[in-house]
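These protein sequence lines are chains A and B, in that order.
Just so we're aligned: 128 in this note's numbering is position 128 of the first sequence, and the numbers increase by one with no gaps anywhere.
Just so we're aligned: 335 in this note's numbering is position 335 of the second sequence, and the numbers increase by one with no gaps anywhere.
Any given hint might turn out to be false.
To be verified - In silico lysine-lysine, BS3-like type, Cα no more than 25 Å apart, as pairs:
hint : chain 1 : residue 1 : chain 2 : residue 2
1    : B       : Lys15     : B       : Lys167
2    : B       : Lys268    : A       : Lys242
3    : B       : Lys167    : B       : Lys186
4    : B       : Lys268    : B       : Lys15
5    : B       : Lys234    : A       : Lys60
6    : B       : Lys47     : B       : Lys129
Stated by the list, open to error - Residues of chain B clear of chain A, computed beta-carbon distances all greater than 12 Å:
hint : residue
7    : Arg59
8    : Thr91
9    : Arg160
10   : Ala183
11   : Glu215
12   : Ala326
Hint data in this document are derived by calculation from the structure and do not stem from the laboratory.
A virtual CB, placed ideally from N, CA and C, is assigned to each residue, including glycine.
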Amino acid sequence: MSLLNDLATQLASGEVQVVDLTHTLDPDFPVIILPPEFGQCARFRMEEISAYDHRGPAWKWHNLTLSEHTGTHFDAPAHWISGRDLPNNSVDEIDPSQFVGPVVVIDCSKGAAQDEDYELTPEFITAWEGEHGRIPEDAWVLMRTDWSKKSGAEYLNMREDGAHSPGPTPEGILFLINARKIRGFGTETVGTDAGQGSHYSPPYPAHFYLHGAGKFGLQCLANLDQLPPTGAILMAAPLKIKNGTGSPLRVMALVPAPETRTTR
Amino acid sequence: MTTPLSPPPKKDPQKRTLSPTRPPEARSRAFLGLSAAAAEGRFALQKCSECATFQYPPRDACGSCLSTDLKWTDCAPEGTILAQTTVRTSTKLFFRERAPWRTGTVQLDAGPVIICHVHGDCERNGRVKLINRLDRSGQAVLLALPDKRSLNMEDDPQLREMTSDPKHRRALITDGRQDNAPALAKALLEAGASIVFVGESETWRPYPTRAPLLEMNEIELLPLDVTDSQSVLKQTGEIGGKTDILINNARFLRAGGALARGDTGFAKDEMEVNYFGLMRLAQAFGPAMCARTADGVNSAVAWVNILSVHALSNLPEFGCFSASHAAARSLSQSLRADFRGAGLRVMNLYVGPTEDDWHQPVPPPKVMPAALARSMIQGLQHGLEETYCGDVAKDLYERFLDHPNVLEREMTLAGDGA
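Here chain A stands alone, though its shape is the one from the complex:
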């Protein structure tokens, strides 16, 4: 167990740091918007049960309302029709060892700053690997776009022709799944797919292919600019909801302190 003792020591000394990749659950944080005749994602709401008052003199607590897919959240394979028949496809059935693992961060922030519909392609991924090394098997891959720094209307970037935000192409996500055998894919935007993702074939390719292959999704992530391209450990454990298709969660990463990082 010396490895964990070492980790504890390094956490205490600051050699290993904890980065919070989670947005605060806030009633005014955007959720995905679907055509209004469809069912909608519940917004986060908090109602006081009591606040040290006549409703409960010595304690304060709240009832919450939210969707499985409100705020920073995890997508299980059961979320999509392509993953509906897979074994262990809901958040309560996933092997907990899957909730802690290696993570690589592909920095698309320059492209996303210039193009709101920026696409992550296999070519960009292999070029990134040329610089940082091959993506290890069973790793989380996070697409950094710095989109989490946007707020208000800029975040969904909704117009009459739909939302505009970056995401992977069908080929991009298939490359990560088939050629790199990733564990899951995460983004800073409201979904794992691009804002215009419904116009790809298949529609919403990241959701369709990831969950069809039993892979996981993370979205509405923050602080990806504080992660190294490689070498961090991601901790993303959804709530254990019976037959849950996803869950809001606290996503954290263990990273080496910047001064101890070695660059390849």
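Using the hints provided, position chain B relative to the given structure of chain A.
Below, chain B alone, put in the same frame as chain A:
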């Protein structure tokens, strides 16, 4: 002519806000028919079914033939002043604070002699037109107006005590996203409102009514989401003390009854907005408004709910939505009891199908936003509690009054099969 009402000066921060006082409330049960008529702005008196005599004051048996079959009937409001006087002091706080107060007796053309308040522009022994209005205690009073319009007559202090006129007042429209928000705001400003606050939910997604709202002067967009208690409380903290008229136009609407939907998702959204939204607004803004009903020219005066007329009787095509509005209507009655003591008036503005996306498959007639806005302003200027906009709403209300159970059967027919 009446001296025009001046815009109120800015509030003196060193002066105590006047506590609301009320005119006397006690009336006989028979009298309440007159208040019910006043709530709708109707001038009605009891009419004997046997000898056709109009009665005044309201009573249990005909003053002419002792028949007990007296029906509230709309009555010609014209008459002639017999005597008039000006009360300069009173043991009642409400009148003491508002003296001088003009009262008189009027010989109605329809028969009875009535005692009433008298508008300042009425001439001695002149021809007058009676109106039946609610006073600040929520009871009917009759007021004689000059038979021909006089200049600024709506600014008469006695008349203004009985109305919810938007002139020089500050209004809040709770949901800027609704199709009717620009028309309501425009109508309020044209009726003399000094500013219209408009609540804006979820600023992270655009909406088409924002641009026309922003084009108007004296409009202030403020964050407000009736489904979020914290948001409502926060906005009360900001503008609760200067909201004189609250217009709750927030609405969530989808077609279908319980079986057509198969889940409770949209029904919950409907209750969150249409019922709990009203409750949150009332809990937050109600106390602040009730404390300011005697605060001068721009006192808090009215709370307006825009309700589906199917709150009265369910429309199965919008079955769950109708149910949420029935709940809201019931809550509005409870709010009337809560607000009555302060003299804050709850006006329910009932409407049939409106011209919007969700009623697109519904055949006309449908109510346009401008028509809804006109009804709202008229209701406020007449100090109403109940008003119906459009033929569908008026017709349904008449059928409801005639026989609610027959109406229910009419509304819930399945249609003949083959």
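Results for each hint:
1. Lys15/B with Lys167/B: holds, 23 Å
2. Lys268/B with Lys242/A: Within the cut-off at roughly 22 Å; holds.
3. Lys167/B with Lys186/B: Distance of about 13 Å is within 25 Å: holds.
4. Lys268/B with Lys15/B: Distance of about 45 Å is beyond 25 Å: violated.
5. Lys234/B with Lys60/A: holds, 19 Å
6. Lys47/B with Lys129/B: Judged against 25 Å, a Cα distance of about 19 Å means the pair holds.
7. Arg59: About 47 Å separates Arg59/B from the closest Cβ of chain A, which puts it past 12 Å; holds.
8. Thr91: Given that every Cβ of chain A is farther than 12 Å from that of Thr91/B, nearest at about 39 Å, it holds.
9. Arg160: The claim stands: Arg160/B keeps its Cβ more than 12 Å from every Cβ of chain A (closest is about 39 Å).
10. Ala183: Nearest chain A Cβ is 22 Å from Ala183/B, so the label holds.
11. Glu215: Holds: least Cβ distance 19 Å, greater than 12 Å.
12. Ala326: holds, 23 Å
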